[in-house]
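Visitor: Here the working numbering is used: the first residue of the sequence shown is 33, the next is one more, and so on.
Simulated from the structure, these hints should not be mistaken for laboratory data.
Among the hints, erroneous ones may be present.
DSBU-like mimics (lysine-lysine), calculated; alpha carbons at most 35 angstroms apart, straight line [to be verified]:
#, residue 1, residue 2
1, Lys-87, Lys-111
2, Lys-138, Lys-111
3, Lys-87, Lys-138
4, Lys-142, Lys-111
For each label pair, taking beta carbons as the anchor points, the in silico distance ranges come out as [unchecked claim]:
#, residue 1, residue 2, range
5, Gln-68, Ile-106, 29 to 39 angstroms
6, Gly-128, Ser-164, 32 to 42 angstroms
7, Ser-164, Ile-106, 33 to 43 angstroms
8, Ala-139, Ser-90, 18 to 28 angstroms
9, Ser-164, Thr-130, 35 to 45 angstroms
10, Phe-102, Thr-123, 18 to 28 angstroms
Glycine included, every Cβ here is placed at the ideal spot set by N, Cα and C.
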Amino acid sequence: MPSNQESTQRQEDKTEQVDALDLLAEKPKEHSNDGQNWCIEIVRGPLVGERIFLKEGSLTFGRASDCDIFLDDITVSRKHCEILLQDGQVTVIDSGSTNGTYVGSKAVDKQLLEAGDVIQIGRYVFVLTRRSAL
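All chains should be built: construct the whole structure from the sequences, respecting the hints.
Guide: As structure tokens, this is what we get:
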């Protein structure tokens, strides 16, 4: 029989799914299409407010030290997913993660993204936007 501490730990390790509409209502409405460059904005997690501008090719996300974007969260797999920019289109591809990669509130294996899409990886939440590079 698991102890109360073990039961509490299991509940804390579970990824809480984010309702995309609630998340967007929490932050001021910004235009997600006001620039030429694809950008991933962190809207929930330790690095809130950071922007990652995409270049042609892929970025890997996960807990492994060799990932392009290191996400320090036990609910994130070592090699969780990648985001690919190719021919002006952005695609998220789950790498067989344990807890899944979500677009909106839907778990996806591979999904073509549009400006304004909300991506959840573990407890981190990102919004794909178009921005002008600084």
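Visitor: Now tell me, hint by hint, if it's right for this structure.
Guide: Verification of the hints:
no., hint, verdict
1, Lys-87 with Lys-111, "holds (20 angstroms)"
2, Lys-138 with Lys-111, "holds (20 angstroms)"
3, Lys-87 with Lys-138, "holds (26 angstroms)"
4, Lys-142 with Lys-111, "holds (15 angstroms)"
5, Gln-68 with Ile-106: 29 to 39 angstroms, "holds (37 angstroms)"
6, Gly-128 with Ser-164: 32 to 42 angstroms, "holds (35 angstroms)"
7, Ser-164 with Ile-106: 33 to 43 angstroms, "holds (36 angstroms)"
8, Ala-139 with Ser-90: 18 to 28 angstroms, "holds (20 angstroms)"
9, Ser-164 with Thr-130: 35 to 45 angstroms, "holds (37 angstroms)"
10, Phe-102 with Thr-123: 18 to 28 angstroms, "holds (21 angstroms)"
The structure agrees with every numbered hint stated previously.
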